[in-house]
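Make the full structure from the sequences, and use the hints.
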Amino acid sequence: MTPQTPVPPPTLSAPPPTPYAPGPDLYVPPPDLSVPSPDPSVPPAGPYLRPGAVLLRPSPLPPLPSAPVLPPGPRAARPQLWLVATEVHEDSAARYASLVLDAEELARAGEFRRPGDRATYLCAHVGLRRLLGAHLGVAPRGVTVERAPCPCCGEPHGRPVLPDGRLHFSLSHCEGMSLIAVATTPVGVDIERIPAPHLVAELAEVLHPAESAELAALARDRRPAAFARVWTRKEAYLKGTGVGLGADPSAEYVGSGPVPTAPPGWLLADVAVPSGHQAAVAVRR
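Once you know that position 127 of the sequence shown is 127 in this note's numbering, the rest is easy, because the numbers rise by one and skip nothing.
Think of the hints as simulated: they come from the structure by calculation, not from any bench. Just so you know, these numbers come straight off a predicted model, no measurement behind them. Beta carbons are placed, not taken as given, at the ideal position from N, Cα and C, and that holds for glycine. Heads up, some of the hints might be wrong.
[What the hints assert, rightly or not] Beta-carbon label-pair distances, calculated as ranges:
no.: 1; residue 1: Ala94; residue 2: Ala67; range: 27 to 33 Å
no.: 2; residue 1: Arg57; residue 2: Glu155; range: 36 to 42 Å
no.: 3; residue 1: Glu111; residue 2: Thr144; range: 38 to 44 Å
no.: 4; residue 1: Pro65; residue 2: Pro156; range: 30 to 36 Å
no.: 5; residue 1: Arg108; residue 2: Arg285; range: 18 to 24 Å
no.: 6; residue 1: Arg113; residue 2: Arg285; range: 40 to 46 Å
no.: 7; residue 1: Thr144; residue 2: Glu205; range: 36 to 42 Å
no.: 8; residue 1: Leu99; residue 2: Arg222; range: 44 to 50 Å
no.: 9; residue 1: Pro151; residue 2: Glu111; range: 23 to 29 Å
no.: 10; residue 1: Ala67; residue 2: His198; range: 42 to 48 Å
no.: 11; residue 1: Leu162; residue 2: Arg222; range: 39 to 45 Å
no.: 12; residue 1: Pro160; residue 2: Ala213; range: 33 to 39 Å
no.: 13; residue 1: Leu199; residue 2: Val138; range: 40 to 46 Å
no.: 14; residue 1: Arg113; residue 2: Leu199; range: 19 to 25 Å
Below, the structure is given as structure tokens:
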């Protein structure tokens with residue numbers, strides 16, 4: 001049998017940039033991002049964040065070599081949300097990583113000992129660069145990402161940012177799943193697996209006292225999902241501020257019920273993700 005010469009992956013080119021045109025229709029939502037609330041006593045959420053928003057639905061990111069089809073550009077109180085499933089993306093992300101990621105990201109990927117963690121990292125960061133490149137009209141590897149000054153000490157190890165500040169973004173991943181947000185104001189997302197029941201009591205000690213009391217009042221089998229709601233809301237907000245877990249997570253109350261309580265100046269909503277996971281997004285007003 002004659003050996004076949006391997007076919008190299010094609011060169012990635014950027015799709016046309018999405019026009020950025022904020023105007024008087026900042027709060028006109030596209031029709032397909034909301035999902036009904038599981039609680040009929042709670043009004044359904046709109047697809048843009050507003051006080052009392054209940055649940056937002058992310059778009060699934062198609063794997064390479066397909067280009068993401070961008071909805072209308074992110075606008076005030078209306079971030080774009082994208083879900084990246086590792087099992088869907090891991091083969092293409094591994095193949096294209098050297099064409100998409102920078103040297104620092106590739107080195108970081110090589111540090112993971114567990115193949116699953118490495119695959120999720122590659123899928124998340126390849127996906128993020130694809131989306132940012134599509135918005136900016138550049139090839140994914142041509143996207144320049146910097147570190148903002150740390151809000152606590154001023155050193156350049158804060159959250160990742162784009163140099164011109166026109167777009168803001170946030171990335172979170174857990175085992176097998178990643179969530180990406182793109183917005184016009186500071187934004188944070190978090191996605192987590194719902195913890196095992198026996199872990200909740202210990203984890204709840206880091207919450208706001210009122211949140212811990214809410215969890216304690218629930219039946220034991222309802223506490224894991226409630227804890228995950230609190231934690232993802234809290235971490236999304238802290239990531240949006242740029243402080244992250246450098247801040248005391250017990251300081252702000254976000255609530256464990258179906259409607260989150262947003263800190264002043266922020267909008268907060270849960271995100272619809274596959275069973276066994278919980279996610280949230282926070283965006284500055």
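Tested hints:
1. One distance hint, 27 to 33 Å for the beta-carbon pair Ala94 and Ala67, is violated here, with the actual separation near 19 Å.
2. Taking the beta carbon of each, Arg57 and Glu155 are about 37 Å apart, inside 36 to 42 Å as hinted.
3. Distance hint check for Glu111 and Thr144: the Cβ-Cβ separation is about 23 Å, which falls outside the suggested range of 38 to 44 Å.
4. Separated by about 35 Å at the C-beta atoms, Pro65 and Pro156 satisfy the suggested range of 30 to 36 Å.
5. Checking the proposed 18 to 24 Å range against Arg108 and Arg285 shows it is violated: the Cβ atoms sit about 33 Å from each other.
6. Hint check: Arg113 to Arg285, Cβ distance near 41 Å, so the stated range 40 to 46 Å holds.
7. Judged by the Cβ atoms, the range 36 to 42 Å given for Thr144 and Glu205 holds: they are separated by roughly 41 Å.
8. The given range of 44 to 50 Å is respected by Leu99 and Arg222, whose C-beta atoms sit roughly 46 Å from each other.
9. Remark: the range hint 23 to 29 Å for Pro151 to Glu111 is upheld by a beta-carbon distance near 26 Å.
10. With their beta carbons about 44 Å apart, Ala67 and His198 fall inside the hinted range of 42 to 48 Å.
11. Taken as a hint, the range 39 to 45 Å holds for the pair Leu162 and Arg222, whose Cβ atoms sit roughly 40 Å apart.
12. Against the hinted window of 33 to 39 Å, the Cβ-Cβ separation of Pro160 and Ala213 comes to about 36 Å, which satisfies the hint.
13. The beta-carbon spacing between Leu199 and Val138, approximately 43 Å, falls within the hinted interval of 40 to 46 Å.
14. At roughly 23 Å, the beta carbons of Arg113 and Leu199 sit within the given window of 19 to 25 Å.
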